[in-house]
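Protein chains: 2
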Amino acid sequence: MSLPQIGFIGIGVMGKSMAGHVLNAGYPLMVYNRTKEKARELLERGALWADTPTAVAARCDIVITMVGYPQDVEEIYLGSKGLLANAKPGAIFIDMTTSSPMLARRLYETGAKQGVKVMDAPVSGGDIGARQGKLSIMAGGDAAVFQEVLPVLNCFGTNIVLQGPAGAGQHTKMCNQIAIASNMMGVCEAMAYARQAGLDPQKVLTSIATGAAASFSLSNLAPRMLAGDMAPGFYIKHFIKDMKIAIEAAEEMSLKLPGLLQAKTLYDQMAAAGYADHGTQALFLLYTGRTSV
Amino acid sequence: MSLPQIGFIGIGVMGKSMAGHVLNAGYPLMVYNRTKEKARELLERGALWADTPTAVAARCDIVITMVGYPQDVEEIYLGSKGLLANAKPGAIFIDMTTSSPMLARRLYETGAKQGVKVMDAPVSGGDIGARQGKLSIMAGGDAAVFQEVLPVLNCFGTNIVLQGPAGAGQHTKMCNQIAIASNMMGVCEAMAYARQAGLDPQKVLTSIATGAAASFSLSNLAPRMLAGDMAPGFYIKHFIKDMKIAIEAAEEMSLKLPGLLQAKTLYDQMAAAGYADHGTQALFLLYTGRTSV
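These protein sequences, in sequence, are chains A and B.
Sequential numbering from 3 applies to the first sequence in our numbering.
Sequential numbering from 3 applies to the second sequence in our numbering.
To be clear, the hints were calculated from the coordinates, so they are not data collected in a lab.
All residues carry an ideal CB built from backbone N, CA and C; glycine is no exception.
A couple of the hints might just be wrong.
Quick list of simulated restraints, FRET-style, between CB atoms [to be verified]:
1) B:Thr-212 with A:Lys-83: 39 to 49 Å
2) B:Pro-260 with A:Lys-246: 44 to 54 Å
3) B:Gly-235 with A:Gly-81: 45 to 55 Å
Not close to chain A: a few residues of chain B, all C-beta gaps over 12 Å, as computed [what the hints assert, rightly or not]:
4) Ala-60
5) Gln-172
6) Asp-202
7) Ala-248
8) Thr-282
Between the sequences and the hints, there should be enough to build the whole structure, so can you do that?
In structure tokens form, the structure reads like this:
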């Protein structure tokens, strides 16, 4: 039994590592990216190049997309030049972009009308998780399709869960981002309070980082805040995109999320102050009055 | 060298376990509590009873207090019938109540004028940590005094850090509570979103509880929320007390903490709805529209 032809659209920091793992596993791989240069390493390692997303759709059995914003997803998938209209019969598309749950359902339904299967499967674990092939993958779609693509997802994921029907993967990712959003305020506020009270914030961490206040962000991002390291592990601009999707989805469900709204307001202030391309831990600067540094 | 006489004022859930460990370590122990009945087990195990806090002060070398609110601390320590005015010369007082950093400094200064040493040393770890003798202790005060009381604190603590001068222990505890406050919103909002979106919240936890959204509250309190178990590990009324202290202290330092203010507003709503004696995880009910259940 020959392996399916895999397509990968979106060779960014995450996509490059993920596609590399697919190649390592022996799958035939075809890639497309807006900037060809970013795909060079993969091409040197044997991946085929496609000049358009449509060309990927025409040739591949399983196509993975990992692009930036919901509007990019919409543009690539829909319309006469889109992936779905130009797919091989029976092809499977997996959108791993963090995107809108509503859009995920729309892609699924549009695909179904054309005999094409679509799954949503956003990830968490960041660039390090992608490099190590240890991403958490939150999938939404049909169970049989999930089983079919699982060997491919296993190339770069370790905690792979089918959360429910189309959109459920995106909804689960929103839960993840919602939990992080308010916690980032708490972590920044705790560290800003520590500094303002004249404490040694590093020493405060030794008291609080392992108890009831313990969190990934407190252990991993607070030390970066204190060291003034605001380099992006996760970009503020992307976090704002995610919070916006979550807020819109919550509004559609008549759910009020005041913590999320407050966090979004603060991050919007950071973006307005020129910090969109910094890491999410830079929110700390808003509390220490140094957003203009 | 004979062991110092230890006094313990405030035999609640926490105090009972802590005093028991002091007794286990072989220290002579004298106890006072408003309700004598709660001290019965300790008395049966050899602790001496004192009819008033003043009687404890008159007899003990090291006195630990673990009471409810800052006003209780003020009442027990200050005034002509207070601990400080009736202390043995050179006695050491350790207030382990979560209380105001400003009050902690006032007790320290008042004590110093009377030749008495005062430390603030609030704890985290809850009833389970107290029972297991594994509390985190965040101390403020003089380094020499800290060294002197360390053997006693070691009876029930494992992560014992002198954070700085008088008040620094309370300030550190505030950092802990500030981090928890916003995170509780994030955890509740993530779980409320999951439920509203038709996901299986338990399954969502398997995707998100170990990644970037990971926290003590997500792993330990979210499952209780989902199971409808709102029994107090930590009372909403005590959490509100702590947040109030933190907000006042932050205001004195001209520090704005919007996440904390938002969390306090939500918990105040819970208290107003009759949930003051429930656990902090009951905040979930506010998001699911079931505060009146």
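Evaluation of the provided hints:
For B:Thr-212 and A:Lys-83, the hinted distance range of 39 to 49 Å is satisfied, since their beta carbons lie about 40 Å from each other. Against the hinted window of 44 to 54 Å, the Cβ-Cβ separation of B:Pro-260 and A:Lys-246 comes to about 19 Å, which falls outside the hint. Taken as a hint, the range 45 to 55 Å holds for the pair B:Gly-235 and A:Gly-81, whose Cβ atoms sit roughly 53 Å apart. Every CB of chain A is more than 12 Å from the CB of B:Ala-60 (nearest about 33 Å), matching its label as outside the interface.
Not every Cβ of chain A is farther than 12 Å from the Cβ of B:Gln-172; the closest lies at roughly 9 Å, contradicting the non-interface assignment. Its beta-carbon lying about 7 Å from the closest one in chain A, B:Asp-202 breaks the requirement of being farther than 12 Å from that chain. Not every Cβ of chain A is farther than 12 Å from the Cβ of B:Ala-248; the closest lies at roughly 7 Å, contradicting the non-interface assignment. With a least beta-carbon separation of about 9 Å from chain A, B:Thr-282 fails to lie farther than 12 Å from that chain, contradicting its non-interface assignment.
Checked against the numbered hints listed earlier, the structure breaks hints 2, 5, 6, 7, 8; every other hint is satisfied.
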